[in-house]
Amino acid sequence: MTDALLDLKGLHKAFGALKATDGVDLTVRPGEIHALIGPNGAGKSTLISQIAGGLTPDAGEVTLLGEAVTGWSVARRARLGLGRTFQVSSLAWEFSVLRNVMLAVQARASGAFGFWRPVRRDESLRAEALGVLDRVRLTLRADDPVSALSHGERRLLEVAMALALRPRLLLLDEPMAGLGPEGTKELTAFLASLKTEAGMLLVEHDMDAVFALADRISVLVYGRIIATGTVAEIRASAAVREAYLGDHLHRKAGVP
Amino acid sequence: MGPELSRENLVNAVLALALLAAPLIAVALDEPFYVTLASRVAILALAGVGLNLALGTGGMVSFGHAAFFGLGGYVAGVAALHGFEGSHFIAWPLEIGGSEHMLVIWAVALVVTAVVALGIGAVSLRTSGVYFIMITLAFAQMIYYFAISLPTYGGEDGLSIYLRSGLPGIEAEDPLTFFLVCYALLLGVIYLLHRLVDSRFGAALQCARMNPERLATLGIAPFPVKLTAFTLSAMITGLAGALFAELNGFVSPAMLSWQLSGEIIIFVILGGVGRLFGPLAGAALFILLESFIGGLTDRWQLVLGLVLLSVVLFARGGVIGLLAGKARHD
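Residue numbers (the working numbering), protein chains in the order written: chain F, 1 to 256; chain E, 1 to 330.
Warning: the hint list may mix true and false statements.
Quick list of simulated restraints, FRET-style, between CB atoms [to be verified]:
1. F115/F to F146/E: 55 to 63 Å
2. T177/E to S150/F: 57 to 65 Å
3. H151/F to L313/E: 49 to 57 Å
If you want the ones that stay clear, here's a sample from chain E, every Cβ over 12 Å from chain F, calculated [claimed, not checked]:
4. Y131
5. F146
6. L185
7. P212
8. A221
9. L232
10. A327
Some but not every residue of chain E turned toward chain F, in silico, with C-beta under 10 Å [what the hints assert, rightly or not]:
11. G154
12. G155
13. G158
14. L196
15. C207
16. L215
17. G219
Don't read these hints as lab results, they were simulated from the structure. Don't be surprised by glycine CBs; every beta carbon is placed ideally from N, CA and C.
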């Protein structure tokens, strides 16, 4: 298991009496898209934070790309090779689209400490950032302020900034949220095309996207993984149906 | 370069030229008081330029920058005292005496403020928002009371500087020469900061202000970026403090007071937060109000309050924002 991209062992995190993470074991293998699903309040966000480094678990271990990273900061995990997108778009709001991605390229290439050369005219940063924007088809928006982007474009920019880090593992927190059917289809196809570059842990509510993309699925309910398996196994699991899927499918007609 | 950019450049150039022209005209009209006034503007603008790096670019609302301003002042004062007496600041294990050499005083002021700012920043930057404001204030007050309790250096009464330090070949006792030294430093520092804000470090610092979580997610820890900016900011304000003490021939705990921290914030807000020449516009407006309306009535601060209120309510971009339009974002 040492060559797993991500390995969670016995993760616990409680807020007072609430056990948000209650003994989670989870592995993301190389080349795998691993989906994490679960009803609202299952503890997905808490788990994501412990993987990204924003929260420290009360107990258990996080192993990322073979390194024991449990006590590492967010920034250090990112430098190791973790790219992430946020559930609610988190961008440098006063910068243009291009400068957001340039900052990501800069962060990977050299970090923060260059005090003299103007970054705006830095061709190496520009060229690479434009290349990444081209991949998510935001080239035409490059010089627009981020605040002028549509919701869907912001989601894509999030993905672009994660990609600019050339990550080995992508942590995608509901990338399809609010995209609409057309946008979801496009992003699903795009994420599928990234599989050879990076493994993914995909937290997603859109079941069509999850079933289309995931190699394996883990189901989180009340802080516990109640099942892990292939799409077919999860679909067939009675426990999952009861805890989550059935409920979800019943409501699906009314769910955006 | 968009039209807004060149308009702001134009406003900046006019401001810089006006500040240069004022003392030259004053000398021609034989009104030396106004030369000193222009030096005051240049020096206080420099203090504001320092704070603006932390507050405007980095989003760190320091309410303790008087600590650095005053420390710079005390470096000049203490160096002058020992230089004048021929005594030692430290006699053992190293012999450190006073100095009458301006560059030495500047260098010491920069080093002292950098060391203190690293300490204050390392603690304060673990907080944010109103806690950061309060903790920087608390540190500055500690240094203020420390200065009051130092009888060797004048305690509450402060310390007089009998002879302004000089540069080889430059007679800084001459008011116009001293102004030109301050003016050159101000423009030099503004140029350095212009480079810094546009650099890779500047990009990271601005992201640390806008969205520190995003910066960390990209692999850049916000803390060292902010600490570096806070320290550079303090050094600039400290340098201004050394010049201010030399201008007045006097340094006292008032330079370390929280009122002064507030005034430096006012320069930045009046001129336009985060605008390169904002502190110059703000300090100039402040000094003009103080000198001219203050000459008419003791209640000039009422006018200052109204102006400040108008800026905060109606012109967030400050004087520069009014003259040059909104800041460019790209």
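Now for the hints, and whether the structure bears them out:
For F115/F and F146/E, the Cβ-Cβ distance of about 32 Å falls outside the hinted range of 55 to 63 Å, so the restraint is violated. The hint said 57 to 65 Å for the Cβ distance between T177/E and S150/F, and at roughly 59 Å that hint holds. In this structure the supplied range 49 to 57 Å is violated for H151/F paired with L313/E, their Cβ-Cβ distance being about 32 Å. For Y131/E, the requirement that its beta carbon stay farther than 12 Å from each beta carbon of chain F is met, with the minimum near 20 Å.
No Cβ of chain F comes within 12 Å of the Cβ of F146/E; the nearest lies about 32 Å off, and the non-interface call holds. At roughly 19 Å, the least C-beta separation between L185/E and chain F is larger than 12 Å, which holds for a residue marked as non-interface. In this structure P212/E is not separated from chain F by more than 12 Å, as the shortest Cβ-Cβ distance comes to only about 10 Å. Against chain F, the non-interface label of A221/E is violated: not every CB pair exceeds 12 Å, the least being about 4 Å.
Not every Cβ of chain F is farther than 12 Å from the Cβ of L232/E; the closest lies at roughly 9 Å, contradicting the non-interface assignment. Distance check for A327/E against chain F: the nearest CB is about 8 Å away, which does not clear 12 Å, and the non-interface claim fails. Below 10 Å, beta-carbon pairs count as interface contacts, and G154/E has none with chain F, the closest being about 38 Å; its hint is therefore violated. Hint status for G155/E: violated, given a least beta-carbon distance of 40 Å to chain F, over 10 Å.
Hint status for G158/E relative to chain F: violated, with the closest Cβ pair at about 36 Å, above 10 Å. A hinted interface residue such as L196/E counts as satisfied when its beta carbon comes closer than 10 Å to some beta carbon of chain F; here the least separation is about 5 Å, so the hint holds. Given the 10 Å rule on beta carbons, the hint for C207/E holds: about 5 Å separates it from the nearest Cβ of chain F. At its closest, the beta carbon of L215/E sits 8 Å from a beta carbon of chain F; the interface hint therefore holds under the 10 Å criterion.
Because the closest C-beta pair between G219/E and chain F is about 4 Å apart, less than 10 Å, the hint holds.
This entry does not satisfy hints 1, 3, 7, 8, 9, 10, 11, 12, 13, going by the numbered hints stated previously.
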